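Novice: Kindly produce the complete structure, drawing on both the sequences and the hints.
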Amino acid sequence: MISFILIILAATFFTGIIIRTKSIASGRKGPGIFQPLLDVIRLFNKGTVYSETSSFVFQIAPTIYFSSVFVAMLVVPFGQSKGFISFNGDFIFFAYVLGLGKFFSIIGAMDTGSSFGGMGASREALYSMFAEPAFFILMGSLALLTGYTSFQEIFSALHLGSSISYALAVMAAVVFLLIAMIENSRMPLDDTKTHLELTMVHEVMILDNSGFDLGLILSAGYLKFAMYGAIIFNLFSGTIGYKYAIPMFFAMQLLLAFIIGIIESFMARFRMNHNAQFIVVLSSVSLLIFFGALLVSGKFI
Amino acid sequence: MIELINLSWMIGLVAIVILYFVPIKIKSLTAIILIVANVLVTSALAFFVLNGQIVDFIFYGGHLFGDILISMDELSAWFILIINFTCITGILYGAGYLKTQHDSAKKLTFHWILIILLQLSMVWVCMIQHSLLFLIVWEIMSLSSVFLVIFDHHNPKIIKAGINYLVVMHIGMVFLTIGFIWLYFQTGSFSFDAFSTYFETQSNIGLFLVLFIGFGLKAGFVPLHSGLIQGDPAAPSHIAGIMSGVLVKLGIYGIFRVASYLKSDYLLLGEIIITIAVVTGLFGILNAAVHRNLKKMLAYCTVENIGTIGIGIGIGLVGLGSNSPILYYLGFGGALMHVLNHSLLKSLLFFSSGSVFQQTNTSDMEKLGGLIKKMPHTAFVYLLAAIGICGLPPFNGFVSEFLIYSGLIEGVKLNHPNEMILLSVSLAAMSVIGGLSIITFTKSFGTVFLGKARKEFSAEPQEVPLQMLIPQYAIIAVMLSVALVPQFYLQIIGNVIVGLSKSIVVQPPVAFTNYISIMGSISLYSILLIGSIFIFWSIRSFSLKGKSQVTLTTWQNAYLTSSSKMQYTGKSFTKTLSNMFNFIVIERKQYEELQTSEVFPKERKHASHYHDFFEFRFIHVVTNQLIYAANYFKFIQNGRVQSYVLYGIAFIITIFVLTFFNIVT
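Those sequence lines, one after another, are chains S and R. To convert, count from 1 in the first sequence and add 1; that's our numbering. To convert, count from 1 in the second sequence and add 17; that's our numbering.
Read the hints as simulated data drawn from the structure, not as lab findings. You can take every hint at face value.
In silico BS3-like cross-links for lysine-lysine, where the CA-CA straight-line distance does not exceed 25 Å:
#, chain 1, residue 1, chain 2, residue 2
1, R, 384, R, 174
2, R, 390, R, 116
3, R, 124, R, 174
4, R, 562, S, 47
5, R, 564, S, 47
6, R, 123, R, 42
Treat the numbers as computed from the prediction; the structure is a model and nothing was measured.
Specialist: In structure tokens form, the structure reads like this:
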């Protein structure tokens with residue numbers, strides 16, 4: 002349960018740090034780091050506007066999207082302590098629960114009958130489809146390396162090996178970071194600041210959402226970032242006690258937010274048709290990890 | 018027991034006679050009653066078997082057949098129960114579906130008799146342990162399904178699809194016949210037990226692969242899927258549901274049955290099946306994603322699910338080969354579970370899309386839209402089935418997908434580098450299949466049910482009557498029971514698998530029992546998921562109370578004239594995907610280029626079709642060559658009786674001459 006609370010805490014400032022980093026990098030002062038949180042609270046207090054084309058699917062989709070992230074968060078462990086949900090193969094549940102959220106956010110976007118909603122939905126579905134094998138190969142190779150199949154057992158067993166396992170952990174961290182950026186539709190794939198519907202991915206899906214629903218979608222995005230940050234932290238946490246682990250957790254989250262901010266500041270977005278290639282690269286990094294794991298475990302001659 | 022077995026075929030025969038004579042008004046009612054009677058009888062037998070009783074019955078079938086063993090083991094019982102359930106929901110739905118069709122009495126009589134035959138033969142295929150009789154019943158099953166496919170025989174496209182289906186089924190029949198004759202000549206016995214003696218002494222690979230092709234043609238493994246994707250979309254929806262739901266599963270039953278007798282070469286056969294299955298899964302779902310015809314999309318999705326089941330079977334065989342009971346249990350267990358789940362989900366999808374077809378008379382997604390407001394129940398049912406078939410929690414699809422995933426991950430931990438690499442590639446493939454399923458079903462649900470209507474229909478689509486909805490909700494009830502109490506079903510599957518392999522008895526390992534309890538806790542977490550949705554929903558409703566709720570037009574980028582034609586279409590939804598994989602999903606367009614001389618262009622047409630890779634690149638190439646070669650022999654069939662008599666005389670003379678010179682004896 003401790004991971005759950007820590008993720009919520011980290012989510013409050015994660016996106017703020019990204020925005021702050023970007024503004025400092027571009028020479029502006031920028032808003033305070035809790036501004037995204039205040040935005041969401043403001044949205045929660047607002048009324049809503051619905052499209053006359055939409056049905057109950059549009060209304061329930063943000064709730065289901067948020068709940069899926071909420072339940073997925075319960076799976077993530079914190080160092081030695083298990084997540085609220087933990088069993089053999091829990092990462093499959095993790096990926097598929099997030100899939101449910103994605104399913105509803107896509108059909109929610111299609112429910113408005115807009116010319117743009119489907120466009121963004123189709124892109125997001127495609128990108129997350131390409132990112133999926135990277136996640137599964139990565140988890141499969143970690144399972145191979147450690148001999149366990151649940152998040153918590155994998156992460157606690159990961160540190161007993163040699164320095165090569167740390168090299169693998171760094172590569173895994175890169176994969177998770179990029180998955181987080183794909184899942185949240187961040188920079189090299191999608192520009193959150195774009196003003197043209199034709200080039201949007203995630204933003205165009207939520208064009209018609211407003212008020213409470215928009216607040217749910219935004220906060221689910223913040224939670225997702227912190228959730229992947231927690232997974233990356235777990236790759237390195239090892240068996241250290243809470244006294245050091247908790248500060249390390251927040252330091253890690255800050256670092257990740259900073260890295261994402263830097264990437265966003267100094268990288269242009271890709272051309273739409275290059276995105277898929279970029280994401281497939283992720284799977285090849287995962288394959289590298291897989292072969293690395295085979296080598297380390299001595300099963301590969 | 019014997020009485021019940023005899024009762025089953027007697028009910029079938031009596032039903033055929035009675036149906037012929039009853040008046041048209043009560044024809045469907047009579048058929049339903051008789052099928053229900055037969056279902057009760059055979060299901061009772063299946064329950065006896067699952068409770069540990071032995072149902073064996075030998076009768077003497079004359080000189081040719083010898084002793085015929087009719088026996089029902091746990092495997093048969095599992096399949097029979099699935100068949101019976103889908104048939105019941107199918108005919109109940111079908112009776113409602115046919116009400117609006119106004120078909121002639123003769124056509125309906127024929128239709129119901131065929132359904133009775135189909136149900137009877139499907140159940141009996143699972144019980145017969147005698148290869149010759151098996152082939153005969155298998156043939157009755159194929160033929161009755163072919164005639165059910167061509168119900169709308171006025172439509173030439175449907176006749177063509179039906180003939181294609183007939184041919185493919187008979188190619189499968191040829192392979193099965195070759196396999197069983199091979200077995201007969203090696204062992205001298207028609208009984209299935211002969212497999213044991215054969216596999217003990219001879220190589221397992223050849224015979225298994227021949228029978229795998231035969232059964233694979235029924236199941237629809239790539240590249241043998243042609244019959245499935247032609248036949249199912251052509252059939253009326255209730256038949257398509259039965260065919261996609263259970264008829265193709267009998268191919269899987271056959272593979273299970275033969276695999277249960279295997280004695281060696283498990284690893285190689287497992288690898289072959291996994292490879293084929295992965296290709297099947299990816300190919301099926303990729304095609305399903307791009308097709309715009311709802312029924313065709315569902316048929317391709319069946320191909321994908323057969324791939325998933327195949328991966329499970331492959332894992333099971335790898336488990337046998339590598340002495341890993343947990344792989345054996347997870348693989349075969351996942352496959353059997355997926356057989357159940359897919360039969361529920363696919364029949365439900367076919368039924369609900371059939372309701373759409375009945376109301377709008379089209380299954381082209383691009384002509385539909387906004388049906389959720391006119392047919393809320395159908396939309397709800399389709400949505401649940403779509404979530405289920407994507408394998409997403411909290412529905413039943415996740416249960417079997419989780420078992421197969423667990424099998425793959427347990428397999429990655431094995432100590433065989435070959436299998437490890439193959440299984441981790443399958444793991445990646447499974448996740449791609451999952452992602453593509455989400456694209457496929459968000460596309461179909463989004464275009465058909467959401468947004469605005471794309472076309473005006475002469476008769477406004479309405480919600481279908483209760484008679485058609487009740488069977489669909491019954492399927493949902495069973496789906497939920499699988500999702501919420503998977504332990505119950507897994508215990509049964511555990512019993513099925515213990516007795517499955519005839520060569521080795523593999524006791525369920527502790528790890529499998531652990532997985533059963535894990536499944537139990539997953540169902541709790543699914544409830545947690547549903548619960549959290551409820552909680553957040555009520556928080557939302559509470560917070561929205563007293564706040565302004567305005568309904569306005571959709572954001573059109575300051576373009577206020579909204580038109581339903583401006584909605585994103587299903588085709589464009591998957592356009593990026595199909596461009597990326599244009600070497601597999603082959604798109605052909607038909608249109609005329611605008612000429613420079615045309616100052617005022619006239620109305621013109623633009624059509625695009627997706628071709629099936631294997632049909633387009635291989636099967637059509639071969640058949641075109643065959644037709645080309647056959648053209649040279651056209652002169653033989655010239656229609657003149659005199660020539661035909663001449664051929665006869667020439668034949669007799671040839672035989673006479675050849676025997677005279679002792680060339681043939």
